[in-house]
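Engineer: Following the hints, position chains B, C and D against chain A.
4 protein chains.
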Amino acid sequence: MNSLCELDKKELINRLRRIEGQVRGLQRMVNEEKYCVDILHQINAVQGGLKNVGLKILDKHVHGCVQRAVRNEEGDEIIDELMEVLAKFTD
Amino acid sequence: MNSLCELDKKELINRLRRIEGQVRGLQRMVNEEKYCVDILHQINAVQGGLKNVGLKILDKHVHGCVQRAVRNEEGDEIIDELMEVLAKFTD
Amino acid sequence: MNSLCELDKKELINRLRRIEGQVRGLQRMVNEEKYCVDILHQINAVQGGLKNVGLKILDKHVHGCVQRAVRNEEGDEIIDELMEVLAKFTD
Amino acid sequence: MNSLCELDKKELINRLRRIEGQVRGLQRMVNEEKYCVDILHQINAVQGGLKNVGLKILDKHVHGCVQRAVRNEEGDEIIDELMEVLAKFTD
Numbered sequence: 001m002n003s004l005c006e007l008d009k010k011e012l013i014n015r016l017r018r019i020e021g022q023v024r025g026l027q028r029m030v031n032e033e034k035y036c037v038d039i040l041h042q043i044n045a046v047q048g049g050l051k052n053v054g055l056k057i058l059d060k061h062v063h064g065c066v067q068r069a070v071r072n073e074e075g076d077e078i079i080d081e082l083m084e085v086l087a088k089f090t091d
Numbered sequence: 001m002n003s004l005c006e007l008d009k010k011e012l013i014n015r016l017r018r019i020e021g022q023v024r025g026l027q028r029m030v031n032e033e034k035y036c037v038d039i040l041h042q043i044n045a046v047q048g049g050l051k052n053v054g055l056k057i058l059d060k061h062v063h064g065c066v067q068r069a070v071r072n073e074e075g076d077e078i079i080d081e082l083m084e085v086l087a088k089f090t091d
Numbered sequence: 001m002n003s004l005c006e007l008d009k010k011e012l013i014n015r016l017r018r019i020e021g022q023v024r025g026l027q028r029m030v031n032e033e034k035y036c037v038d039i040l041h042q043i044n045a046v047q048g049g050l051k052n053v054g055l056k057i058l059d060k061h062v063h064g065c066v067q068r069a070v071r072n073e074e075g076d077e078i079i080d081e082l083m084e085v086l087a088k089f090t091d
Numbered sequence: 001m002n003s004l005c006e007l008d009k010k011e012l013i014n015r016l017r018r019i020e021g022q023v024r025g026l027q028r029m030v031n032e033e034k035y036c037v038d039i040l041h042q043i044n045a046v047q048g049g050l051k052n053v054g055l056k057i058l059d060k061h062v063h064g065c066v067q068r069a070v071r072n073e074e075g076d077e078i079i080d081e082l083m084e085v086l087a088k089f090t091d
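Protein chains in written order, with the UniProt record's numbering: chain A, 1 to 91; chain B, 1 to 91; chain C, 1 to 91; chain D, 1 to 91.
For reference, chain A alone in the conformation it holds in the complex (with noise of 0.2 Å):
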């Protein structure tokens, strides 16, 4: 992830941080029998949270690796990886 500038990387490490802290409220939730549907919400945070880290990282490698790649006529294989990854993404 060479084309991440140190700002970028700052703030996908604090995202992820939070996410992380969620992940731990679920814990606590499920531990403290919290209302099922509470859960289900914060779940639906958590995942909103991570496709959006998905979906930065995502940017970054296609302005960044895979432009670089193209131009060094190693286009094809990176977009046949980028794809793989994008076909489990939208799941």
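Keep in mind that the hints were calculated from the coordinates and are not lab data.
Built from N, CA and C at the ideal position, the CB exists for glycine as well.
Please note that a few of the clues may not be correct.
Stated by the list, open to error - Restraint ranges, calculated between C-beta atoms of paired labels, are given here:
| no. | chain 1 | residue 1 | chain 2 | residue 2 | range |
| --- | --- | --- | --- | --- | --- |
| 1 | D | Ile13 | C | Glu73 | 47 to 53 Å |
| 2 | A | Lys34 | C | Gly21 | 40 to 46 Å |
| 3 | B | Cys5 | A | Thr90 | 34 to 40 Å |
Structural biologist: Same frame as chain A, but now just chains B, C and D:
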């Protein structure tokens, strides 16, 4: 989540602990500037894990709380609430 | 789907007709070699429309069939069946 | 979609015709008041078919249009546009 037996509770918390560890792993990957596509695969794995936890809780909720509410003639309200969280969960 | 009143039925069929028209529009777009990103936006629109039809049918199913089954002490089977289709719907 | 050869075009249109037939089948199912869960399974099938068409078009777009744009130093704009449609596609 009073329809959750102790066994299920333990299993859910274990799964969430594993997910927490994976999210910490993601922070490490970003920090060490691992390859974006590897990070994206890891994000997919976490999403899959969270989805499974969500489905498990959903299952408990419908088998437990929803059935009880229906028997007490309070089904419609709890089902409206369920549909609302499902609409987001299917995003 | 015996819990569907005539009004809902008509509305669902109208929505599905619109989706059918959009899918025919997609064929035209591919045939006329329209810009890929425009085709993708149109696919997103169709997916959104289908998801809404699915949520509407789900809502009718849970309010109708599932409630009836629970009252007849046949809730667990119908809920297992529901969870199975939900696991795919959330993909 | 000028990066689409005739063979791919035919295959995509065939897939979309099958999807159109499935959507007509859904209208029939609703009209004949088939069982909700069967309708939901059919909706899942159509969603899966559409997703595959979307991934195929995405693949062609990135291999074709995006690579060409990068080579012409117009990569950043086309990648921003791509990320925008991806953000919706992953919903």
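Engineer: Each of the hints needs a verdict: does it hold here or not?
Structural biologist: How the hints compare with the structure:
About 50 Å separates the C-beta atoms of isoleucine 13 of chain D and glutamate 73 of chain C, a value consistent with the hinted range of 47 to 53 Å. For the pair lysine 34 of chain A and glycine 21 of chain C, the beta carbons lie near 45 Å from each other, so the given range of 40 to 46 Å is met. A C-beta distance of roughly 35 Å is found between cysteine 5 of chain B and threonine 90 of chain A, which places it inside the suggested range of 34 to 40 Å.
Of the hints listed earlier, there is not a single one the structure fails to meet.
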